[in-house]
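A.B. asks: Sequence:
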Amino acid sequence: MNCEGCGTGTPMIRHSMTLKRLCRKCFLRAIEDEVQRTVEMHSLVRPGESIALGVSGGKDSSVMLHILHTLRLRCQDVYDGVRFVMVAVNEGIQGYRGESLACLQRLHKKYPYELEIVGFEERYGRTLDQLVNTVNGNSCTDTFAPLKADLEDVNDTGRPQPTAKTATACSFCGILRRNSLSYGSLQTQCTKVATGHNADDNAETVLLNLIRGDAAKLVRCSEPLSDLNQGVARIKPLCNIAQRDIVIYAHLQRLDYFSVECPYATTALRGKPRSFLTNLCTRPAYSDAALRIIRSTRKLRLKTTHETQKLTSLHLCPSCQSPVSTTRCQCCDIRTAKTGDDLKRAAKCRP
Numbered sequence: 001m002n003c004e005g006c007g008t009g010t011p012m013i014r015h016s017m018t019l020k021r022l023c024r025k026c027f028l029r030a031i032e033d034e035v036q037r038t039v040e041m042h043s044l045v046r047p048g049e050s051i052a053l054g055v056s057g058g059k060d061s062s063v064m065l066h067i068l069h070t071l072r073l074r075c076q077d078v079y080d081g082v083r084f085v086m087v088a089v090n091e092g093i094q095g096y097r098g099e100s101l102a103c104l105q106r107l108h109k110k111y112p113y114e115l116e117i118v119g120f121e122e123r124y125g126r127t128l129d130q131l132v133n134t135v136n137g138n139s140c141t142d143t144f145a146p147l148k149a150d151l152e153d154v155n156d157t158g159r160p161q162p163t164a165k166t167a168t169a170c171s172f173c174g175i176l177r178r179n180s181l182s183y184g185s186l187q188t189q190c191t192k193v194a195t196g197h198n199a200d201d202n203a204e205t206v207l208l209n210l211i212r213g214d215a216a217k218l219v220r221c222s223e224p225l226s227d228l229n230q231g232v233a234r235i236k237p238l239c240n241i242a243q244r245d246i247v248i249y250a251h252l253q254r255l256d257y258f259s260v261e262c263p264y265a266t267t268a269l270r271g272k273p274r275s276f277l278t279n280l281c282t283r284p285a286y287s288d289a290a291l292r293i294i295r296s297t298r299k300l301r302l303k304t305t306h307e308t309q310k311l312t313s314l315h316l317c318p319s320c321q322s323p324v325s326t327t328r329c330q331c332c333d334i335r336t337a338k339t340g341d342d343l344k345r346a347a348k349c350r351p
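Numbering (my numbering), first residue to last: 1 to 351.
Source of the hints: derived by calculation from the structure; they are not laboratory data.
Among the hints, erroneous ones may be present.
Stated by the list, open to error - Here are the computed lysine to aspartate or glutamate pairs in the EDC-like style, where the Cα-Cα straight-line distance is at most 16 Å:
1) K59 x E261
2) K59 x E4
3) K20 x D33
4) K110 x D333
5) K20 x D288
6) K25 x E49
7) K109 x D256
8) K59 x D288
9) K344 x D333
10) K109 x E4
11) K192 x D33
Using the sequences provided together with the hints, build the complete structure.
C.D. replies: Next up, the structure:
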């Protein structure tokens, strides 16, 4: 059997979405071409724009960085005058973030783009470790206190279950990371920020918003071009690429990335829909389940735009001038919170 792409090469990989058996060269080109189709179809990149590439040193953002760099050289008419800047966030997770920042410095040497790093401590006055320990009533020096679970809080994998205490880390991190990426983009004069969210990530977010009953976010979360945050648009070039294909792409290209999971990730609610989706996608008939979920949600948006507009009316935060749907943005509430209970309310952590 020959490659179903070129007809001559030796097939090595089955493409997750098309199920075609492809050789190495055709697989890599298929992933890059799909990203370029997404970029052009949704006008994610326009000539002359300055775009921040949200990088963490992890697999997804490293693949996004490499592919966009490759496409910038290959499709010069689309990327004419486009300026890329690498923007990273240092949450202040002791024993973890330092290694990923070292990986980012290596990427900075490999690719010809400026690197801007935004730190939680500098921007919000506290690291993520300190925020979570404040909520838990622990000393800020007790770095991994939120991960110390009692026996009844440990599941059959040996990992802590998400409890009222432990689940707060991801609540804070998501809010502050988004704000930090937008801030870093503005600091480097960028009008858009690209993130490495893939098809599986977006499908997981759809399932989470269904569980939470959040109609406004449900119809927005699958879009390749998202709403403004501090005047910065968010784009997802990898939104139609399966997680499995990203792993294979990174391996075939021998990309440098940091593969250790965040120590707080074991407590994230996202783990449940992720496990469900991963198991579903192992079945041949549902290998493209993530993309089906995303496409269905985009169709839903077309039918519900009028209703959700009433849910997403925005005005400016009086403190930082960010667009918000409430009286004040969550980042400002977190920054000024004095007690653990204040922080929980700011992050809207559920009991």
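A.B. asks: Hints first: check each against the structure and report whether it holds.
C.D. replies: Hint check results:
1. Straight-line distance between C-alpha atoms of K59 and E261 comes to about 11 Å, which keeps the hinted pair within the 16 Å bound.
2. Distance hint between K59 and E4 is unfulfilled; the C-alpha atoms sit about 27 Å from each other, more than 16 Å.
3. A threshold of 16 Å between alpha carbons decides the hint, and for K20 with D33 the separation of about 15 Å falls inside it, so the pair holds.
4. Note on K110 and D333: the hinted pairing is violated, with a Cα-Cα distance of about 39 Å set against a maximum of 16 Å.
5. Between K20 and D288 the alpha-carbon distance is near 12 Å, which keeps this suggested pair within the 16 Å criterion.
6. Taken as a hint, the K25 and E49 pair is broken in the structure, with Cα atoms around 30 Å apart against an allowance of 16 Å.
7. Taking the CA atoms of K109 and D256, the gap is about 12 Å. The hint holds against a cut of 16 Å.
8. Straight-line distance between C-alpha atoms of K59 and D288 comes to about 21 Å, which puts the hinted pair past the 16 Å bound.
9. This hinted pair checks out: K344 and D333 have alpha carbons roughly 10 Å apart, not beyond 16 Å.
10. Restraint check for K109 and E4: the C-alpha separation of about 37 Å exceeds 16 Å, so the hint is violated.
11. For the given pair, K192 sits about 21 Å from D33 by alpha-carbon distance, which is inconsistent with the 16 Å threshold.
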